[in-house]
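Once you have looked at the hints, place chain P on chain Y.
Residue numbers (the numbering used here), protein chains in the order written: chain Y, 812 to 1315; chain P, 812 to 1315.
Derived by calculation from the structure, the hints in this document are not laboratory data. Remember, predicted model here, so these are calculated numbers, not experimental data. Wrong hints could be hidden among the right ones.
Taking lysine to aspartate or glutamate and the DMTMM-like style, the derived pairs with C-alpha atoms no more than 25 Å apart in a straight line are [what the hints assert, rightly or not]: (1) Y/K864 - P/D1158; (2) Y/K1144 - P/E1141; (3) Y/K872 - P/E1075; (4) P/K872 - Y/D1155; (5) P/K1313 - P/E903; (6) P/K887 - Y/D1155; (7) Y/K887 - P/E903.
Protein chains: 2
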Amino acid sequence: MKVEKTAVSPTRQEDYPEWYQQVIKAADLAENSPVRGCMVIKPWGYALWENIKNVLDGMFKETGVKNAYFPLFIPKRFLEKEAQHVEGFAKECAVVTHHRLEATEDGGLVPAGPLDEPLIVRPTSETIIGDSFSRWVASHRDLPLLINQWCNVVRWEMRTRMFMRTSEFLWQEGHTAHATAQEAMERTLQMLHIYGRFVENYLALPVIQGEKSESERFPGAVNTYCLEAMMQDRKALQAGTSHFLGQNFAKASEIKYQSAEEKEEYAWTTSWGVSTRLIGAVIMAHSDDNGLVLPPKIASAHVALLPIVKKADDRAMVMEFTQAMARELEGRKYHGQSIVVEVDDRDTGGKNWDWIKKGVPLRVEIGPRDIAQNAVFVGRRDRSPREKESVSRDVFVGSIVSVLDEIQQNLFNRALDFRQEHTVAIGSRDDFYAFFTPKDQQKPEIHGGFALSHWCGNARCETKIKDDLSVTIRCIPFDGDKEGGPCIVCGQRSDKPVLFAKAY
Amino acid sequence: MKVEKTAVSPTRQEDYPEWYQQVIKAADLAENSPVRGCMVIKPWGYALWENIKNVLDGMFKETGVKNAYFPLFIPKRFLEKEAQHVEGFAKECAVVTHHRLEATEDGGLVPAGPLDEPLIVRPTSETIIGDSFSRWVASHRDLPLLINQWCNVVRWEMRTRMFMRTSEFLWQEGHTAHATAQEAMERTLQMLHIYGRFVENYLALPVIQGEKSESERFPGAVNTYCLEAMMQDRKALQAGTSHFLGQNFAKASEIKYQSAEEKEEYAWTTSWGVSTRLIGAVIMAHSDDNGLVLPPKIASAHVALLPIVKKADDRAMVMEFTQAMARELEGRKYHGQSIVVEVDDRDTGGKNWDWIKKGVPLRVEIGPRDIAQNAVFVGRRDRSPREKESVSRDVFVGSIVSVLDEIQQNLFNRALDFRQEHTVAIGSRDDFYAFFTPKDQQKPEIHGGFALSHWCGNARCETKIKDDLSVTIRCIPFDGDKEGGPCIVCGQRSDKPVLFAKAY
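Pulled out of the complex, with its shape left as it was, chain Y reads as follows (with noise of 0.2 Å):
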């Protein structure tokens, strides 16, 4: 068999870890930054963020949510206000313990200024903005509350990996306060499925929505619900959660109400978040061994015009022709937004390479040759970098939002059908433990998939299964199979199904 050259190596068959740190470093999407855990996010990768930013606002705005801004320190104290949220997070928190640093005699910069009370980088802000919902909330008219904001977030990390695993990441983190429980759960349900909408629409990823077991709780929260998401080395990834969180924020932070009848009532609290983690799972889902493939709806730029000119004489001409084609495709709407273009004017070879790399969904070769026959030359991301086409010029003009559209069908068809292939429902404890156990050990390839097996409900069992396979439940579907069964592990009777799989 022949094996073709492909932009990227390691391929994700070879080493699937490592083509996603090059996947990332052929897109010019991001690099490590000298910060211990830190990243640093380039155009092309940041583009892409904020297109992702722009919808999910524009959504959750939709449903009455603000933005607003709260402080980026914690103070120790708050953070000690919920018990589990400080167990949760007390172990992986940038302090700040100093507010300066002084000269020492030999030239050398020491802290000063010690803090009376150490400040946390907040890793998440229920306890701060809890403080203020505990300023706003009087009476049952100021509920409910639904605040949402935009900022960065600090959990020291020792082994990282680029958008999945930062010690400091972006993301939104919404946070709603309620008069009722019933509301306060309804709009834990909305927010994740906006998400799910989100992920599917524009990231063209499918995802599996449910619950999620007691020990995979967000620490303080009564419930927390998640999309799961299948990545193409058939791992999980979470792609952003919701958490009921019952009255135990509002009671650690006194958000409290007088309501209709005049009585003192703590409030129901929800949070949810999704975080530059997305732009990981885009990677990893959709991008093959030329590099990065982006969804349409969020690529940081959907065509990119790639003038050819090999005679000195052609270039006006030929930069002319791709100009206003540029404008002319500017001109036109792509969902709401106008068609970003990029146009590559560079004197060298390689540049249709790069921009397959890049990811972006299509690149038009424009040489004197078509300009003669007003055509270009079209090579689509979601097909092979050989498989290229010439097109009328003004076909492709006119037909651009419907090939966009085919695109962003195709990945997620593909995204679908790649899930559905490696997703089984496993009866026996023996079954499901070679599902999980790659073939060779030394060589642990790609393997495994999602498995939906029973599960009695009982930690013990659940931590058998970390301990033995690093498998973890991912969720407990909403949907799907509602039958009986044994327990994968002790053959306890089980409800249905819930999700496994080993996960990022």
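Just chain P now, with coordinates in the frame of chain Y:
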């Protein structure tokens, strides 16, 4: 004289600094947080920042600037790279020294996991971005590099004032690298002029653009340029700065490129920023004794619809009329954005005044009698609260864009008139001292203004005036009088007058 009761107390005349705090409170823009020196930006205030961001971001991108994101933390050694820079920022910075909290025997939590090298929470990002630039720039073909970042920064402040000076604030910082000094200087001024256009056309604030004196330069810059606006207490507020950094940071961070002649050269860099301080400027420049006054082009909402229901029977009809009008208004565009409408359907008496205090440009009262005439009762925030008029509903909807533009223009004209009234050319030292000295030292009323006076260029004279009067050179204006004259302090010859003022 009859004193009109005002919605905000104290008035500007009575106590300007306290009036400012009370406007922020009355308009529900922000609140002090329990975290030392940090503020919470509430939804009505944050919407202003979102609008400022959107417009500026578009203006930057039109000039080829791309957004990216760099780490929050700066290793101590990075800050130390540029001598003047560390000098300027080491004295007031948040220092992270530990990466977890650990339980003590008595149940408390103490910082643990000391870091090998302390991290500074970024006060500005020249050094950390310079580190990336040193990798991104290799050849003259990589230049210019035009990057911007929207983020939070921290400068430890002992005396804080919401929006004007807080330990944490939000801003954008642009960072560019160029092959030549001339190109870098052109970019420095290009961005300054963009700020100028934005502040004048969107914030309705006339500005004076110019160069800073040496003592007021950004630490590490070769030259700093700024915009200065006059507040209603006649003090100056610096509304933005743009720095020509020469090769100082390129040398400190090793940003080198190979020239077309294959010689290794240091790049020339710039940086430029505006912050949430612009919101402070808007509040201080336009608001009155009844609260906030928002320029329509960046207003959190353009119009508040206030249905007035006195009889329960009327409710449905009034609400239907109101909602239909809201939808129609929202369908109209104001400078490319949809008109933002707030419908306040609360059954409370004071809602007209609530919206006056919040500074919404247009208030529309809608009662059954108005509806019977297909009319609405309109108040404009650039006029007295008592001046309201009945307008045909259709005329109101049809003319809202031009009315908003008129309000925008009125605010600008008013601010310009005020500044001209309080800007004087002063030639004698005695007059200068008198101008900047309040008549009654015990109760320093609003006094002074902008003085255009000669300065010899010597830091000694500048310091003398600063020590005596707390007056500083705000800038050496680009425009204006070019006539020479004697220095206001020492009498030595100066080329042209400079701008003196007390400042925020």
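Each hint, compared with the structure:
no. : hint              : verdict
1   : Y/K864 - P/D1158  : violated (36 Å)
2   : Y/K1144 - P/E1141 : holds (20 Å)
3   : Y/K872 - P/E1075  : violated (51 Å)
4   : P/K872 - Y/D1155  : holds (17 Å)
5   : P/K1313 - P/E903  : holds (23 Å)
6   : P/K887 - Y/D1155  : violated (39 Å)
7   : Y/K887 - P/E903   : holds (21 Å)
In this structure, the earlier hints numbered 1, 3 and 6 are contradicted, and the remaining ones agree with it.
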